[in-house]
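So the protein lines, in turn, are chains A and B.
Taking numbering that gives the first Met the number 0, the leading residue of the first sequence gets 0, the next gets one more, and so forth.
Taking numbering that gives the first Met the number 0, the leading residue of the second sequence gets 0, the next gets one more, and so forth.
Read the hints as simulated data drawn from the structure, not as lab findings.
Check each hint, because a few of them may be wrong.
When chains are identical, the list treats them as one kind, so a pair holds in a single copy or across two.
Unchecked claim - With a straight-line Cα cutoff of 16 Å, these simulated EDC-like cross-link-like pairs (lysine to aspartate or glutamate) come out:
#, residue 1, residue 2
1, K175, E156
2, K23, D143
3, K76, E186
4, K1, E144
5, K150, E166
6, K1, D139
7, K41, E136
8, K23, E72
9, K88, E156
10, K1, D103
11, K7, E136
12, K63, D154
13, K7, D139
14, K88, E126
There are 2 protein chains.
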Amino acid sequence: MKQSIGAKTLAFPTPVWIVGTYDKEEKPNVMTVAWGGICCSKPESINISLRKATYSYGNIVERKAFTISIPSEKHVKEADYFGIATGKKVDKFAATGLTPVKSDLVDAPYVKEFPLILECKLIHTIEVGLHTQFIGEIVDVKADESVLGGKGLPDIEKVRPILFGPEIRTYHGIGKYLGQAFSIGREIS
Amino acid sequence: MKQSIGAKTLAFPTPVWIVGTYDKEEKPNVMTVAWGGICCSKPESINISLRKATYSYGNIVERKAFTISIPSEKHVKEADYFGIATGKKVDKFAATGLTPVKSDLVDAPYVKEFPLILECKLIHTIEVGLHTQFIGEIVDVKADESVLGGKGLPDIEKVRPILFGPEIRTYHGIGKYLGQAFSIGREIS
């Protein structure tokens, strides 16, 4: 029996992604987003949603670029902190001891210590309501050599990304391998 | 050292969500999407991206509604099948033995056997490129009583959602609890 629990932003899983931007004084900032996803295969694009009140919102409007740094679970505390503190008041890199690296492709910084990086150019801005959705074209993906697996692609079990559970407000790691996509369903038909 | 791996739709984690729609003859259809995410807190909204070639694309344009059924890992084969087969040729509910249920709030069906359901009204359509992004307002969330935990909210460890790794094409379950959001980062500052 299904129970109605109301209109809520409640879907599993949501990602834990760190958005990197520069402000007008070239100060690098990072903030955590869980509202986001991939949204197009050609051009390769990703969407993130931010409230206008955030420091990063103004930076993206100004610079028309952002990065996404995907943290491993060992950095879950830093990822949480990046969503609590505001770049208006603090230097989040200095507070955590993590290292900003200037992207060579877009006008934004990423987090050196995080294993998987997307460099994005802003291509669409959609006003949805409390949040503004930014769609960025992914111009490059960069990965630490230590997380690469077969075919030169990142191994998700080495990256160890973090998941967020909205409403219940919990972080989880990734679990067991369940099967190969576009393959295990073929036995049904 | 970071290695460039090119412009790819490569971010972890992405979800495995089953989009439910009706066609003109009231035939219920389902398809799997990994391109999607929550995109706004007020109105509560979620985005999914579909290619125009899919059967579901036309159904959403016509009905202006869709559901998202979130499968548990025990249904990973059915979830994969829903992304392989096309509703143009087959009845995916009949093929899997799963049960369509008509939403009482939006003009779309959901999957009875899946534990967490979002019922959505189409509010925005954005042409990004190969994919069209549909933004739906979440008018209700419904959950099986068996997956509810504290505060009447779904327990992610009971829902057991599936994650998809783009490019590497693997499915994974959720893993260990890593901490409470908006909390564990407070010790940094």
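Checked hints:
For a Cα distance limit of 16 Å, the shortest separation of K175 from E156 qualifies both inside one copy, at 9 Å, and across copies, at 13 Å. In this assembly of identical chains, the alpha carbons of K23 and D143 never lie at most 16 Å apart, being 29 Å within a copy and 49 Å across copies at closest. Within a single copy, K76 and E186 get their C-alpha atoms only as close as 42 Å, which misses the 16 Å cut-off; across copies the closest is 8 Å, which meets it. Taking the closest pair of Cα atoms, K1 and E144 come within 16 Å of each other only across two copies (6 Å); inside a single copy the shortest separation is 46 Å, beyond that limit.
For a Cα distance limit of 16 Å, the shortest separation of K150 from E166 across copies, 10 Å, qualifies, whereas the shortest one inside one copy, 37 Å, does not. Within a single copy, K1 and D139 get their C-alpha atoms only as close as 43 Å, which misses the 16 Å cut-off; across copies the closest is 12 Å, which meets it. Taking identical chains as interchangeable, the C-alpha atoms of K41 and E136 lie at most 16 Å apart only when both belong to the same chain, with a minimum of 9 Å there against 25 Å between chains. For the identical chains of this complex, K23 and E72 are neighbours neither inside a copy (31 Å) nor across copies (46 Å), given an alpha-carbon limit of 16 Å.
In this homomeric assembly, K88 and E156 never come within 16 Å of each other (Cα to Cα): the closest approach is 36 Å inside a single copy and 36 Å across copies. Within a single copy, K1 and D103 get their C-alpha atoms only as close as 50 Å, which misses the 16 Å cut-off; across copies the closest is 12 Å, which meets it. For a Cα distance limit of 16 Å, the shortest separation of K7 from E136 across copies, 10 Å, qualifies, whereas the shortest one inside one copy, 29 Å, does not. Within a single copy, K63 and D154 get their C-alpha atoms no closer than 30 Å, and across copies no closer than 38 Å, so neither meets the 16 Å cut-off.
Within a single copy, K7 and D139 get their C-alpha atoms only as close as 34 Å, which misses the 16 Å cut-off; across copies the closest is 7 Å, which meets it. Taking the closest pair of Cα atoms, K88 and E126 never come within 16 Å of each other, the shortest separation being 26 Å inside a single copy and 37 Å across copies.
Violation of the numbered hints given earlier is confined to hints 2, 8, 9, 12, 14; the remaining hints are satisfied by the structure.
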